[in-house]
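Those protein sequence lines, which keep their order, are chains A and B.
For the first sequence, this note's numbering assigns the number 234 to the initial residue and increments by one for each residue that follows.
For the second sequence, this note's numbering assigns the number 234 to the initial residue and increments by one for each residue that follows.
No lab work stands behind these hints: they were computed from the structure.
Computed from a predicted structure; not experimentally measured.
Worth double-checking, as some hints may not be accurate.
Identical copies go unnamed one by one, so any copy, or any two together, can satisfy a pair.
No more than 16 Å apart at the CA atoms, straight line, and that leaves these computed lysine to aspartate or glutamate pairs for EDC-like [as the list claims (entries may be wrong)]:
#1 Lys357 to Glu547
#2 Lys652 to Asp642
#3 Lys652 to Glu683
#4 Lys499 to Glu550
#5 Lys644 to Glu731
#6 Lys710 to Asp695
#7 Lys285 to Glu600
#8 Lys544 to Glu385
#9 Lys428 to Glu393
There are 2 protein chains.
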Amino acid sequence: MKKVYIYDTTLRDGSQSAGISFSVQDKIRIAQKLDELGIDFIEGGWPGATPKEDEFFKEARSIKFANSKLAAFGSTPSVDSQVSNDPILKGLLASETLYVTIFGKTWDLHVKAVLKTSLKENLKMIGESIEYLKKKGRRVMFDAEHFFDGYEENPKYAVEAIEVAVNAGAECIILCDTNGGALTSRVFDVVREVKNNVNIDLGIHTHNDGEMAVANSIAAVSAGCVQVQGTFNGYGERCGNANLVSIAPALRFKLGFDVLSELALKNFTEVSNFIAEVANMKPNDSQSYTGKNAFAHKAGVHINAMMKNSKTYEHIEPDKVGNTRRLLISELSGKSSIIAKAEERGVAIGKNPDEAKKILKEVQALENEGYQFELAEASLILLMERVYSVEKKYFTIEELRVIVEKHVDGKIESEATVKVNINGEIRHTVAEGDGPVHAMDRALRKALNEFFPSLNNMRLTDFSVRVLDEKAGTAAKVRVLVQSQDENTSWWTVGVSENIIDASARALIDSIEYKFLKDEEGASKK
Amino acid sequence: MKKVYIYDTTLRDGSQSAGISFSVQDKIRIAQKLDELGIDFIEGGWPGATPKEDEFFKEARSIKFANSKLAAFGSTPSVDSQVSNDPILKGLLASETLYVTIFGKTWDLHVKAVLKTSLKENLKMIGESIEYLKKKGRRVMFDAEHFFDGYEENPKYAVEAIEVAVNAGAECIILCDTNGGALTSRVFDVVREVKNNVNIDLGIHTHNDGEMAVANSIAAVSAGCVQVQGTFNGYGERCGNANLVSIAPALRFKLGFDVLSELALKNFTEVSNFIAEVANMKPNDSQSYTGKNAFAHKAGVHINAMMKNSKTYEHIEPDKVGNTRRLLISELSGKSSIIAKAEERGVAIGKNPDEAKKILKEVQALENEGYQFELAEASLILLMERVYSVEKKYFTIEELRVIVEKHVDGKIESEATVKVNINGEIRHTVAEGDGPVHAMDRALRKALNEFFPSLNNMRLTDFSVRVLDEKAGTAAKVRVLVQSQDENTSWWTVGVSENIIDASARALIDSIEYKFLKDEEGASKK
Chain A
234 MKKVYIYDTT
244 LRDGSQSAGI
254 SFSVQDKIRI
264 AQKLDELGID
274 FIEGGWPGAT
284 PKEDEFFKEA
294 RSIKFANSKL
304 AAFGSTPSVD
314 SQVSNDPILK
324 GLLASETLYV
334 TIFGKTWDLH
344 VKAVLKTSLK
354 ENLKMIGESI
364 EYLKKKGRRV
374 MFDAEHFFDG
384 YEENPKYAVE
394 AIEVAVNAGA
404 ECIILCDTNG
414 GALTSRVFDV
424 VREVKNNVNI
434 DLGIHTHNDG
444 EMAVANSIAA
454 VSAGCVQVQG
464 TFNGYGERCG
474 NANLVSIAPA
484 LRFKLGFDVL
494 SELALKNFTE
504 VSNFIAEVAN
514 MKPNDSQSYT
524 GKNAFAHKAG
534 VHINAMMKNS
544 KTYEHIEPDK
554 VGNTRRLLIS
564 ELSGKSSIIA
574 KAEERGVAIG
584 KNPDEAKKIL
594 KEVQALENEG
604 YQFELAEASL
614 ILLMERVYSV
624 EKKYFTIEEL
634 RVIVEKHVDG
644 KIESEATVKV
654 NINGEIRHTV
664 AEGDGPVHAM
674 DRALRKALNE
684 FFPSLNNMRL
694 TDFSVRVLDE
704 KAGTAAKVRV
714 LVQSQDENTS
724 WWTVGVSENI
734 IDASARALID
744 SIEYKFLKDE
754 EGASKK
Chain B
234 MKKVYIYDTT
244 LRDGSQSAGI
254 SFSVQDKIRI
264 AQKLDELGID
274 FIEGGWPGAT
284 PKEDEFFKEA
294 RSIKFANSKL
304 AAFGSTPSVD
314 SQVSNDPILK
324 GLLASETLYV
334 TIFGKTWDLH
344 VKAVLKTSLK
354 ENLKMIGESI
364 EYLKKKGRRV
374 MFDAEHFFDG
384 YEENPKYAVE
394 AIEVAVNAGA
404 ECIILCDTNG
414 GALTSRVFDV
424 VREVKNNVNI
434 DLGIHTHNDG
444 EMAVANSIAA
454 VSAGCVQVQG
464 TFNGYGERCG
474 NANLVSIAPA
484 LRFKLGFDVL
494 SELALKNFTE
504 VSNFIAEVAN
514 MKPNDSQSYT
524 GKNAFAHKAG
534 VHINAMMKNS
544 KTYEHIEPDK
554 VGNTRRLLIS
564 ELSGKSSIIA
574 KAEERGVAIG
584 KNPDEAKKIL
594 KEVQALENEG
604 YQFELAEASL
614 ILLMERVYSV
624 EKKYFTIEEL
634 RVIVEKHVDG
644 KIESEATVKV
654 NINGEIRHTV
664 AEGDGPVHAM
674 DRALRKALNE
684 FFPSLNNMRL
694 TDFSVRVLDE
704 KAGTAAKVRV
714 LVQSQDENTS
724 WWTVGVSENI
734 IDASARALID
744 SIEYKFLKDE
754 EGASKK
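Required output: the full structure, derived from the provided sequences and hints.
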């Protein structure tokens, strides 16, 4: 098996994503995760760009990476600066990483229009800066910026630029599709032509502006590249960078390259979600391989076939990337989907199609109201429990009041009052909170804690609100999804109402009920 | 220029997306939009699958499509059924479309494991059903389901299946990568091989499970396919279908095929957003070509270069697909980005770098608190106005109170009280609403309407809430983004607070202030 190296730039190019802003600690956490995974190179940032970047490299020095090499990123010096006195190169050296990656211009348009220097001067800058970094004991990789665009317009110059980098001591030349618009067949041909002309390890760095970054990276490896640069979840400026989540499994499982280990790939779903969490980005549910829906089946005919043979509608086994198969229940589902879902839960309702029908009907009625169970499985499970099991009603809310007041000095108060009936025992509690949901959560816990102490281990981790576009034009309904987690797992619940407080309360109450149900089932299994 | 036909299946395969559920009216609206755009074929649905599908085809009959042909979708009959008596074929005929597309099995595994019939019987079903539909006056296209997987395992049978379809009268054979795992180079080779063996128009239908659906579709066209099936925004089951939004511009602008018109492509951003809106899906901001961030530049060096020559960081001109360039302001931005943004607004602050510095500092401070201006440009503009213009404070809120009560009978009441100061005049108003945000909105309008009657033309169209993960572990801050629109445009504003009501109020107030600012600027331009 031929080795292909993974060079992760989530911390550098990924942080250019609209909406991403990593703290130093975020970057440290991600770097450690990537190291655990066995990523070959981690590009940590651009030293000197902001104080945060410098702090990261300083903190990173005290970390012992078991598998990964940390690389610092920068560029050729500013025009007219001396290599020994250039702030960019100084920053790179101050980062104290063994590996440094610098980018240089290989597209003549950029040399003229952006650097505003001569083609010759640009080549000199590339050569001198690499030589200087080598002299200082660094191992240097060269990002040939805009290589594919440059190659189309002035192939001689583009190749000359990388030859200069090779002669100066760069040990890997990364061909970059910086603007992300290259076509797959061209990437393959150009890599092959360069490979035939330049005797050095080649890497590939693509962007997703044409929605082809993954295919382009794979074509480049097929044509001879031995390093792939990309980011987790495809984060990056504009349409993102090449998505390592889709590239690595394809290279190993479909093309037989030696890239990461099978064990590492089994952690891909977890790592993909972890990085989304640290980046504070909503996970992309339809992301290939690791998305929540990547192996989720909705159409009746598909579910039917899947139950006969999973290979019929899955391109790889979800388990290989740590993902799981899901059967979605919606108004399009047939009875067989409900039965399959029940079997997934270990409940045999197959013998009673009437119950399946009853559940389906209730799902359809609630989806008409705006509920969406595909996204909130815990609420669906509670609904199924109510239909075909003894109803597990742990508590009921009899009264709920929320008051929020904001005064002229900007001070805000939030207070929630709940009257809760726990099997006939009434608890009437009130609590303040940092907001109305927090206040409700605290008031509910005050009422329930003595009966259900396990509530202490559960916390709300995310919620989302969506205005449902009502055709009638009246004030819109909202759908609230709440994610909760305890020490073992996390789950989503849903609430719909014209009132955001009520919708939140519904989702919150479902999340607590699901916690109790889950604990009870766990206890009965032991 | 060689013609390539676009076959849209947003209404059929796209509706299999987790989270999508079209009403009949939704489907009609989308079909009309696609017709306006000049899409060649619109797959309307699977008649007979649900009453909704039948209703759609019934309603569609009264619509005169100017450009598009409507197609009904179905499959070969159930095993052992007579073509003349088969419910699937009956449904197709009842839809009364001239074009019908049926899928049949071309992968032997599916014939054996799912249909549980003989390979021979499957071929017979394909032939007989196409012949029957032809006899009934229909023009038939044949979706060769799982063709690429079938071709790898039993190429002889896969090709035999499509030969049967051709001989029975199918006028186009669509090669399907149903499981979405095919590699681009294989798609190219297989299409070419089939093209050399079968004398008929070929189409391509791919899924995105390997994140290569766009590249695979383009490779297939390069190898000889003349029809591309896909969906808008790549909607579809699991990881989605091939995204027409990325395919059509690449085929026309990069490969020179005759596909849609240049005018149609100029409407792509609008149509992509329209379909997301009808589907009630959040637009994918990083979507290629039409995403909000597709031409958004964040890195300081990029913005610098873009200002010199836009070709340096854009693979096509955004205008060609109706999109626009955006410069993102964030803590990574330099002063030059702020100045560029101000110039975008037609304000010359370039001469006063101190003001740019001041804005940048305030942006950084607010982003530290959790604000995000990349997503809420209207709030950024208000912030800039406050710094470098005469402050336009149209009104101030002196007191705000919201009460939500839910009673044992399920009845809910929401009431908001505001005390508003409009240039010294005080209005103290109270209103009920369907929820607290609605109540606040109404109370504010009650107070402001007499001063600003244009408020009547503005409405809130979307809002999103995000819990900001606070490292300290205290009750989380939330960020609320509000989208508003009037008859001319739409805009996003942002509010951050530990209190969801307060965060909503801040975003709401910004959205109203932006409306007034915008109206005033519009008026001064006239």
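Hint numbers not upheld by this structure, sorted from lowest to highest: 1
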